Amino acid sequence: MTTQTDSGPATVSLHSDREQLFRVRGLTKTYGVGDAAVHALAGVDLDLYTGEFIVLLGPSGSGKTTLLNQIGGLDVPTSGELRYRDLDLANATEEDLTHYRRDSVGFVFQFYNLIPSLTARENVALITEIAHDPIPAETALEMVNLGARLDHFPAQLSGGEQQRVAIARAIAKRPEVLLCDEPTGALDIRTGIVVLEAIERVNRELSTLTVVITHNAVMAQMADRVVRFSDGRVHSIHKNSQRAPASSVNW
Amino acid sequence: MFSHLDRKLLRDLTRLKGQALAVALVMACGLAMLTMSRSLIYSLESTRREYYEAHRFADIFVALKRAPNSVASRVAELPGVAGVDAGVSAQVTLDIPGLDEPASGLVRSLPDRGEKELNRLFLRSGRWLTPRGRGEVLVGEAFALANQLGPGDAIAMLLNGRRQEFRIAGIVLSPEFVFESRPGAALPDNRTYGIFWMPYEEVARAFDLYGAFNFLSLTLAPGAREHAVITAVDQLLKLYGGRGAFGRGDHPSHIRVSDEIRVLQTLSIGFPVVFLSVAAFMINAVLSRLLALQREQIAILKAFGFANRQIVVHYLKFAFVIVAVGTVLGAMGGVPLAKRLVVMYEMFFRFPALEFRLDPSALVWAALVATFAATIGVHGAVRRAAKLPPAEAMRPEPPANYRPAFVERTGIAHWLSHTFRIAVRNIERRPMQAAFTVAGLALATGILIVPNSFRDSVKRILGFQWDVIDRDDISIGLLEPAGVKVGHLFEKLPGVVSTEVFRNTAARIQFGHKSRQLAIRGMTADGEHKRVVDKALHQLPLPEHGLLISAKLAEILGARVGDQLVLEILEGKRPVLTLPLVGLADDLTGLSAYVERRALNRLLGEGDVINGASFVLDAAARPNFLRELKGIPKVSWVAVKDSLRASFEKTTAASINLIQTMYLVFATVVAFGVVYNNARISLAERARELATLRVVGFSSREVGTVLVTELVILGLVALPLGLLLGTGFATGIIGMVNTETVRLPLVLTARNYAFATLVVSIASVISAAVVLRQLSHLNLVGALKAPE
Ligand SMILES: Nc1ncnc2c1ncn2[C@@H]1O[C@H](COP(=O)(O)OP(=O)(O)OP(=O)(O)O)[C@@H](O)[C@H]1O
Ligand SMILES: [Mg+2]
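Residue numbers (our numbering), protein chains in the order written: chain A, 1 to 251; chain B, 1 to 788.
Incorrect hints may appear among the rest.
Unchecked claim - To spell it out: a stretch of chain B is covered by chain A in this simulated footprint if at least three of its residues, at any positions, have a beta carbon under 8 Å from a beta carbon of chain A; those stretches are:
| # | segment |
| --- | --- |
| 1 | 3–9 |
| 2 | 303–315 |
| 3 | 579–587 |
Unchecked claim - Computed Cβ-Cβ distance ranges for the label pairs, DEER-style:
| # | chain 1 | residue 1 | chain 2 | residue 2 | range |
| --- | --- | --- | --- | --- | --- |
| 4 | B | K387 | A | G26 | 25 to 33 Å |
| 5 | B | R309 | A | N91 | 19 to 27 Å |
| 6 | A | T93 | B | R383 | 15 to 23 Å |
Simulated from the structure, these hints should not be mistaken for lab results.
Note that the structure is a prediction, hence the values are computed from the model and not measured.
The C-beta atom is built at its ideal place from N, Cα and C for all residues, glycine as well.
Work the whole structure out from these sequences, hints included.
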């Protein structure tokens, strides 16, 4: 396994075959004011490209989730530059953000966050209803090997199954970006691998830029690039010459 | 096809069906009231309008002493007059077989040829009078029904003192007598007072009025001004003893229906407002709870690109499904209620066909008003949902911030048990929710006060009228004024314990621009039979000089004690007098003016005459008295208090019971709904916490105590507030029934308060019991799982 350390943002030459999706410069996010102020992001520089698989590592409280929220348009930064293609996410209106999230971003969260009153199929269909050019809910669920559990309610599914429904829900709209915040955090190893395989497959088959936050350093082997975070900044970026398949990842 | 978000909505609703239904039911109560009262107003108004049009109800009416028939055509030529109908109108006494008391009535003439010009009759059964036939009569329906008279039956009448036998040809209705009642009587008695129609020739000859008329009605030409025509008519008829023309606004039958419509209008606003405010409160509580539960779901929807608008619409739909259910239930409840009340109105108001007519706009209003209430109710909650930043919502709600409760900080902490502490801290932690619970319970209590207060009020009126004011047993009127000596004859009738004579006269009373036409009652200064009382029920002696009038009349005229009122007497020499207003009578029905009899007679310049008397009788000798009375030819009408009272109670008791039951059911629905809703929310919100208590070893009983303690504390705050609120509702709603016909006094009894307290307490206990049962079924593992 080869690793390479960059001190600055990755250069375009490394990704000549790929289109740049995000440009992040000097991004900060501060919560609270005065003495109580928390600088969750303290100047992040980062570029992200189509089809990449990024793993985001870093100690608890280092700002990973905060960054993901800014990238996903769930929240707006305090200062700095944040661009998705031509869209200035840092200064976008609520309406722009809504459209951006609707058309371009898929989320997967640690606690699945399914709508408990809707079945697996309905949870996915809920999103495909408002998407432009979605994959049928059933197809999306088959991609995560859940074709057989379509009509189960979240309460009738195991954690891993629920997380796969969440992935199906996230990818059914064919997003350009898939953002996963500790998707395996609540799962055991074997289930975690199944979920990672699903994410990997989506990344490969749909060429979706995939950013996965994890506390599990071994998952870094799956990534094109590994971004290490600390104290609200990008500490380092490693580029893997070779991506290891999820099934081979050893916990 | 439902969208998937709608499916979520349906499932959320199914899960909360108990609470959704509770809200819908409360809403339905208000909407049922709205649908009912609007439909009744519509039924009464449209039926009356069509009846008036089809049967040519007149616009102006005038009674006079006597005018040759040619005068009628002069009236017809007055500017602004479209049609005229003149005839004879006379008081008669009746002798009904089987009725031991004398009855009286009013006879109207029908043209000998052709149909009446105005105020045409409607033939309910039998046939019209045969042309030139004699000894036939048409009878008003209310009297016929009360005395079980039908076509072909015989009836004896004393026409101008001469007894005559008549055969009933038909039973009829007249737009002039939609409400058949003795003029001036506070309450109707159809058994002893009826309206009759006979050929002109027969009545006119009997009353020496042949070739003349003493009653005239007219219709206004389009655009004519009522006031101007009345002035012209009065001017013209002055010579002929005109008693003062009056418009529909002073027509006794017409105002009774109008008053009823006014009361319905009050109901159509007052009650729905209260009920829908409660519903708005409840829907707010349910939705706030739902939104708190679904914080993360809302965040997910936003993260996946649902716009704020879609989320707002989603939760609004939740409210509108409840509104839709409430509206449908309300209409379903309101329509049959209105139908039953229509049947009740048929006992009071005589229309050819008073049928229930659904006011379609009532349904539209109901839906609109309910939507409005719901929107107000959910506005805040839904806005909070829309404002929720998606990233924020993804984090679990921060742990509740507890601190020692206020009562504990006062230093009595060690007096308090653990359960009490948990309960108090909980209330303090969620002050808004506690406030909503208190508000809901207080509203329920408040609503319960109204129906009983209404019943007590009607009871007070009846007691007031018959025990405080009218202390005689029987009163009679004379055909013509007679010398005061006649009084001595009355004293000699069998069984008379005491008798008092009076002199009534028609007059127009005026102050400033306002005037009313009524009977001036000339009575003994400190009579024991018909008493004039003030607010404190102390008898007001009639003064030597000046007059007392109903407080309501003073309010209408805008007059105060000390003001000079103008009295235009409409009989005899028709003097116009100016008298000081010396006091206000706090009567509850009708409008009256009282003057000392001798003083009145002096003012009228007719010597000391009387035209009626009242009696207190020895009960045993009563049949004898009545038999003798039937034989006195000069008596024009008789009012027997007991039969009046009995017949009133029979007809009114049913309707009052109906109305009271209706209000009571509604109020109870609210009480149960509010408490149930609250207990459910409280349990749902705290399932985790309570389960935790169970897990760490509290018994289910101890955990229950926490909940109950909380409810009891809230109840203790809510009940007194509710009683206060109820006092306010009762004051507002009952105070609005303040018409010329009837003024409902505000009566609030300890029993009423106790009843409201009891019902709300029982409702709370039952709801709490339901919740406690669920508590013992609490799924510990389920409740402790990550929040939904
Ligand atoms: N809404 C907020 N208000 C105040 N502080 C916040 C908020 N959100 C995050 N923070 C703070 O910002 C910092 C970064 O938080 P963030 O959630 O991004 O960390 P993280 O790297 O995702 O940590 P973890 O691995 O534990 O999930 C933390 O110190 C956190 O307490
Ligand atoms: Mg995090």
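Each hint, compared with the structure:
1. 3–9: Held - the segment 3–9 of chain B has 5 residues with a Cβ nearer than 8 Å to chain A, which meets the minimum of three.
2. 303–315: This one holds; 7 residues, not fewer than the three required, reach chain A with a Cβ under 8 Å.
3. 579–587: violated (count 0)
4. K387/B x G26/A: 25 to 33 Å: holds, 29 Å
5. R309/B x N91/A: 19 to 27 Å: holds, 22 Å
6. T93/A x R383/B: 15 to 23 Å: At roughly 19 Å between Cβ atoms, R383/B and T93/A fall inside 15 to 23 Å, so the hint holds.
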